[in-house]
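Start from the sequences, fold in the hints, and give me the full structure.
Note that the working numbering gives residue 1543 to position 357 of the sequence shown, counting from 1, and the numbers run on in steps of one.
No lab work stands behind these hints, which were simulated from the structure alone. We put the beta carbon where it would ideally sit given N, CA and C, even for glycine. Each hint can be trusted.
Derived pair list, reagent style BS3-like, types lysine-lysine, alpha-carbon separation capped at 27 Å:
| # | residue 1 | residue 2 |
| --- | --- | --- |
| 1 | 1538 | 1350 |
| 2 | 1396 | 1418 |
| 3 | 1610 | 1324 |
Distance windows between CB atoms, simulated:
| # | residue 1 | residue 2 | range |
| --- | --- | --- | --- |
| 4 | 1515 | 1490 | 37 to 45 Å |
| 5 | 1491 | 1270 | 43 to 51 Å |
| 6 | 1525 | 1571 | 37 to 45 Å |
| 7 | 1389 | 1567 | 21 to 29 Å |
| 8 | 1531 | 1204 | 17 to 25 Å |
| 9 | 1361 | 1407 | 49 to 57 Å |
| 10 | 1500 | 1455 | 24 to 32 Å |
| 11 | 1455 | 1262 | 26 to 34 Å |
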Amino acid sequence: MKRVLLSLIVPFMLNAQNISELFDALKSHSQTKSDEMLVKMTQIHEDQAYSKLYPEVDLFGKYDNYSLPTGMIPLAPNHMLALVQNPTHPAQPFSYNIYAAGVSATMPIFVKSIFTMADKAKAMQQSAKKKKRINLIKNEAVLVGANANLIYLNTLGRALEGKKRSLLETKKTVEIKVDNGRDAASALYMINDRLNQIDIANNNIDIQKKTVISTIETLTGIALDDAVMMQKSGDITKNALESLAPMREKIKADRLDLKAQKEKLYPSLYAHGSYVKSYGESYNSYDSVTEEYGDVGVVLNIPIFAMSQYDNISLAKLEVNSGEIELQKLSDELTSKAKMLEESLPLLENSKKLYTKSIEEKKKLLEIAKLNYANARLSTEEYLRYEDDVVQEEANLYKTEANSWQTLMQLAVIYANNIEEIVK
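Structure, rendered in structure tokens:
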């Protein structure tokens, strides 16, 4: 029973009625989740940077074998002399085999580069968040463009079906004329050829629709049966090429990395401490000996000659310069492209009006052509041209509508607009 219910419910779950449902499916699909993982990774990098400010504590145990008796702890000369001169000959803390266990700790007191690397990690996290948003906008634009193509293919298919019905009506008349010897058989062949061309075109349309549907399914997990409803509900908002925001944050991170590489040449101050408990057999009395030893201190490191670090600084500079050049290059390209797209939108709108008017006129001419053809005042080739003209003009209109949607989406991506506020 459960299987039956699932078979009835799942098809409805995996379909959509409007573009908003596709947007919702996109947000929970793997394409978007991969960007979420990148954001989480950058958060860990930030935590890793700050973790270097905490003490590092290690427990250890060790065993050493020596060829000569070796001190289990450092001994001051006076202390050592007292042991040697003691008439009772106490067990001395020297042994051939020494076991030790203890704990050691280090903690940075002043390491300037740690804070800069943490700032770099924050910038990388911002870059990842903005990249996630831009990728979502890009995928939403692909969905709108793909759905617009699906609408174009559907309307083109309907136009071809209308042409097919018109030709089939004409074919009946031509068959009668050919049977009565009033028209040549070639006229029938030409009409049959046009009908066959329509079937070929429809087959190609079906192939293209499969490709478009596959694109939508890849992004959303929804396999559409047909195009979904959508309409323009807002306008493009111009801004400072927000699609480049992830790269700007990346360059900011690169600059911080360069700063951190330079700061690694600064003096650094560390605190350290350890406690060790050693066990062994005294070499002079063969008694068991246990000794404890601890230390606490501060270390100041001042790099004087660190050639590899200078190389790291040079590489970091190149990374910053390369990113800035690439950002300027993309900025110039997108500025030019945005201008072209903005100028194209009103032209596309005008084209739709012109094509719509042209279709009306061509349909009227087709009606006249049909009448003239029926009265033998027009050849078959001339009549078929009128049929072709109507469908071609309809194809131009539907393609222009799809191009208009795609142009709008390209601008939305360039300016990083919220597509869900533009298309519903």
